[in-house]
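Chains as they are written, first to last, in the UniProt record's numbering: chain A, 1 to 147; chain B, 1 to 145.
If you are wondering where the hints come from, they were derived from the structure by calculation, not from laboratory data. Do not rely on the hints blindly, as some may be mistaken.
Stated by the list, open to error - In silico SDA-like pairs for lysine to any residue, Cα to Cα no more than 25 angstroms straight-line:
#, chain 1, residue 1, chain 2, residue 2
1, A, Lys137, B, Gly122
2, A, Lys70, B, Met115
3, A, Lys70, A, Asn144
4, A, Lys2, B, Leu3
5, B, Lys141, B, Leu127
6, A, Lys49, A, Gly76
7, A, Lys100, B, Tyr51
What the hints assert, rightly or not - Here are the computed distance ranges between Cβ atoms for each label pair:
#, chain 1, residue 1, chain 2, residue 2, range
8, A, Thr108, B, Ser69, 50 to 60 angstroms
9, B, Arg4, A, Lys100, 45 to 55 angstroms
10, B, Glu116, A, Gln117, 16 to 26 angstroms
11, A, Lys77, B, Ser69, 51 to 61 angstroms
12, B, Phe119, A, Ala3, 45 to 55 angstroms
All of these numbers come straight from a predicted model, not from anything done at the bench. Note that beta-carbon positions come from the ideal geometry of N, C-alpha and C, so glycine has one too.
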Amino acid sequence: MKAERAAEISTIVFAIAILVFLGALSFQYLGYITHGYYISSNEKPIPIKVIAKQYVWEFIYPNGTVSYDKVVIQAGKPYVFELTSADVIHAFYIVQLGLKMQAIPGYTYDLYVLVNQPGVYNIWCAEFCGPGHYTMKGELIVVNATG
Amino acid sequence: MKLRLIDYVAWVVTIAVMWVLFLWVGDFGLLPYLAQSPVSQYVENLWRITYVSASGVFGVFMGSLIFLSLRFRYVEETAQRQATRTDYSKIVIPILLVSGVSLAYAMFQYTSNLMEFQFDFGILASLMILLFAAFIFVVYKQYYE
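Okay, chain B solo, but in the shape it has when bound (with noise of 0.2 angstroms):
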């Protein structure tokens, strides 16, 4: 099966998506709890570089792995079932990703120092990590079954 333009056009865009979300989710690979010091600052440094470059790892694996799955998936099987079964996937992914971000934002709204901080930081990423194990389940589960 060979890609057309608008194929690549979707992989790279996926990946692009997924590189931001990650960014997003990191807070670009800052550190705003750090305070202001020379030790700080290379710590921050050497943060964000290796942030910024797992980033490119994620979106490149991420995306890949998201659009392929959706690109090669089985098409017979899936025409056959898209008549007869509900497309779960329209409602579900919506919701999940609606509530994870509505979680998150209304988590941040109650961080006031660095313990509160880190707990939320490790919720959200947690939260992100079961969003993303969410999507690609029931993409499977919709194409795959």
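With the rest of the complex left out, here is chain A (with noise of 0.2 angstroms):
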């Protein structure tokens, strides 16, 4: 009997472990992406506003440019995504990166990006907006900083 309460024990300090371990990894990831953290401090990044509107992304960039559905960024430079909505709630979902972050009228929160890898990433809305939801597809498109 000793032996099937020490399995016992064993798998419920292994479960616990490893959720703590999940938990607090987390907790900091959670801090690293909402402040962006993992962006060096000699580095500042540069703005982009994003508005969500049914069912369209609008980006306007530092010198007012003002862009449809597309958003072009340089890699390995970080940028900070200014993200309301000028009507219902959305979700920007950049999918490559595993990155959301809800866009709620007026409310404005920032989202960090830094991506290393020149390529074209989908933009989806992630949170139900009416009835052209599936229409309000965006692209990143990430350009090598030299070119």
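Join these two chains into a complex; the hints should help.
See below:
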């Protein structure tokens, strides 16, 4: 009976240890992602305004240029998407980064982004926002810093 | 009924097979479609730890379920039935496994973008669940009907 008891206790302890470890790691990563701690302090993130509307993503660059459903950034450079909504609640989801944040009318949230690999990545609305929700797609285009 | 050394070895092997199978189905916790970014690295780290941990739980429970179902089956009834009926599990199980693996392999040949990958992955996961369900169904039909 002792062996069974030891197995039972070790199972519980192992499960607790894994969950605590995952919780602590998630908490640490959440801090990095939310506050952009992974960006070195001598680099200032470039702000890009993102306004979600039924059913389009509007991007406003620092020089005032506006684009719809497409945003171009440079690889290896930090950016901060200042995210808000003009109508209903949306969610800004960059699929290949595994990164998602809600866009809520009246609030602006900062979403720090640093991509090291050039490419075209999907932006989807991840919150049902109306009958055209499924058409609310965009692209994050990451180009080489030199080109 | 006391377990012998060979039983313990079979138990551990069954658990190990289920563990490796689970890892293989989930690409060993890797997310190859993610871009190179600190954020995606965080996401992948968390996913991999969660998936590998879950594989251990799956291996122990599914492996034990299969092993114990077979090891402690009702022997007398089985002995009577074996004389009169066809052992259809010897046909059905290999067909299920081979068709499942073949179908999964065929599907992955046509995966070229993210949405297809996600669709195929969902189909594959459903298929594996179906295979396990079919496997368990066959085992139970064979020994407990």
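Hints and how they fare:
| no. | hint | result |
| --- | --- | --- |
| 1 | Lys137(A) x Gly122(B) | holds (21 angstroms) |
| 2 | Lys70(A) x Met115(B) | holds (19 angstroms) |
| 3 | Lys70(A) x Asn144(A) | holds (16 angstroms) |
| 4 | Lys2(A) x Leu3(B) | holds (17 angstroms) |
| 5 | Lys141(B) x Leu127(B) | holds (20 angstroms) |
| 6 | Lys49(A) x Gly76(A) | holds (19 angstroms) |
| 7 | Lys100(A) x Tyr51(B) | holds (21 angstroms) |
| 8 | Thr108(A) x Ser69(B): 50 to 60 angstroms | holds (57 angstroms) |
| 9 | Arg4(B) x Lys100(A): 45 to 55 angstroms | holds (53 angstroms) |
| 10 | Glu116(B) x Gln117(A): 16 to 26 angstroms | holds (20 angstroms) |
| 11 | Lys77(A) x Ser69(B): 51 to 61 angstroms | holds (57 angstroms) |
| 12 | Phe119(B) x Ala3(A): 45 to 55 angstroms | holds (46 angstroms) |
Violation of the numbered hints given earlier is absent; every hint is satisfied by the structure.
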